[in-house]
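A.B. asks: So the sequences go chain by chain: F and W.
Quick note on our numbering: the first sequence kicks off at 24 and runs consecutively.
Quick note on our numbering: the second sequence kicks off at 24 and runs consecutively.
You may find that some hints are simply not true.
[To be verified] Below, in silico cross-link-like pairs of lysine-lysine (DSBU-like), each with a Cα-Cα straight-line distance of 35 Å or less:
#1 F:LYS200 / W:LYS97
#2 W:LYS108 / W:LYS57
#3 W:LYS108 / F:LYS92
No lab work stands behind these hints, which were simulated from the structure alone.
Residues per chain are reported as follows:
Protein chains: 2
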Amino acid sequence: MRAVYCEIENSTQIGDEVVIDGDRAHHLQVVRVKKDEEILALNGKGSQFFATISEVTKKEIVLKIISSKFQNLKSNIELAIALPKKDAFEDILKIAVELGVSKIYPLSSEFSQYEYSFNDRVGRLLESALVQSNNLYLPILADQESLGQFLIDNKSPIAYFSAANSEIKLKQSTEEKIIILIGPEGGFSEREESQIIENENVSVIHLPTPILRAPTAVAASVGYLLGLAQ
Amino acid sequence: MRAVYCEIENSTQIGDEVVIDGDRAHHLQVVRVKKDEEILALNGKGSQFFATISEVTKKEIVLKIISSKFQNLKSNIELAIALPKKDAFEDILKIAVELGVSKIYPLSSEFSQYEYSFNDRVGRLLESALVQSNNLYLPILADQESLGQFLIDNKSPIAYFSAANSEIKLKQSTEEKIIILIGPEGGFSEREESQIIENENVSVIHLPTPILRAPTAVAASVGYLLGLAQ
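Bound-form chain F, shown alone:
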C-alpha cells in the first residue's frame, strides 16, 4: 500500500477527512493515485492511519480515515554525528530514519566538513525516508552544536565508535537510551579524542572492519547495538 506523511494529530478520528496539498499532493499526483484507492497515512508521531482517497483535485488530495493504530516509540538509539560532507550527511539522515533512530545531533568538530541548518530540503528528505521505510516516528533533529558542548550537556550513555583499536566495554545496559557517536571522515583530532574518552558517559567500541564511510558506519553501529542487546 502506498504511504504518505501528513501532519495530523494522533487524536484524528475514524471518518475524519484530511487534506493533503503542496509538494505532498504533487508527489501523489505524479504516481497517479486514484479516488477510492487505499493509502497509509503516517504522522511521524507514532500513528498509522489507514485511509481511502475520497477526492483528487489539481491541488489537493483528500483522505478519509478508516482505521488507525498507535505504537509507542520502540527505539532507544540516538545518533550524534560529526558532520561529514553534505551528500554523506543526507545519506545518513535517510539511513537513520530507516533504522528508527529517534534523535540526531549534528556536531561540528575540528575536521567536520559541513555547516548544517534545518531547511525544507532536509524536511522533505526525512519525510520521504519515513514513508519509504514505514517508520512511525520522525526523528528529532537537534540544532548543530560543537562536540565540546554536546559532551558537556549530555547525561546519557554514549557509544563512541572509534576507528582506533580500543577495548572499553559498554558500561551501561542497552535497555536505556544510548547515543551513538561517530566522527567525521578525517576522524576526531587528538584533543577531541581525549575529551571523548575521558567523558564518564562514554564507552569506546572498535568495529573490526576496514575503514567505513560515515553512512556505512551509522548503519553498522546501529546493527552492532541491536546485536549486543541480544
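For this one, chain F is given, so just place chain W on it according to the hints.
C.D. replies: What follows is chain W alone, placed relative to chain F:
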C-alpha cells in the same frame, strides 16, 4: 597516505619495482602523484606494501617497495544477497568491501530485480572500495545462482535477516564462518520463505527497525553479527 590496488603477489620483495598502468595509472595521474611520494599498495590478498613512486611517465607509474606487512583474513562473514536493482547492488558491493565481507553470493529469486554478471565496471568498483577502505582482502564474488541452488549447495550456517517478526536464535557460534542472507526489495516469495526457514543451516533474525533498503540492511546485519559476537 594515498593507496593503490595492484595485482602483485604476497611474495613481492623489498626493493622490487612494480609497474602500474592503464586505468589505475590514469587515476593516480589525475590526483597528481609525484616522484618520491609515498604510497600504499594493496594487493587484495592480505598484503600492504609501503612504497615510493620511482617514476611517473605518461602511461605508467613505477613503485619501489620499501616494506610490507601481511595479515591473515580476519572476517568470517559472507553475504548472500537476492539481487536488488543495479544501483543498490553496486552500493552493496562497496559497503561489503568496507565491512570486510569475504565472499558475496549474488542470488536470483522470484522478486529479484537484476541479472548480474561480472564485468570491468564491477571489478573497478571493488578495487576503488578496497583502496578507500584500506581493506586488505578483495572479496570473492561468486557467480549468480538461484536461491534454491544456493541453499542446496551451502553447508555453512546462514543468518537470514527477515522483515517478518521471527524469534529463532542463532544456533551456531559466531566464531565460525557465517553467511548473511538478505532478500530482494520485495522480499522473498512465500514459497521461498518456507524453503529458507526449513533449511537446517538457517537461523532467522528480525531487526527491530522500520523497512530497510538493501544496502542499509547489509551494513546493519554485519554490525548485528559483530555485536552478537561480543
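A.B. asks: Each of the hints needs a verdict: does it hold here or not?
C.D. replies: Okay, the hints, checked on the actual structure:
1. F:LYS200 / W:LYS97: holds (32 Å)
2. W:LYS108 / W:LYS57: violated (40 Å)
3. W:LYS108 / F:LYS92: holds (32 Å)
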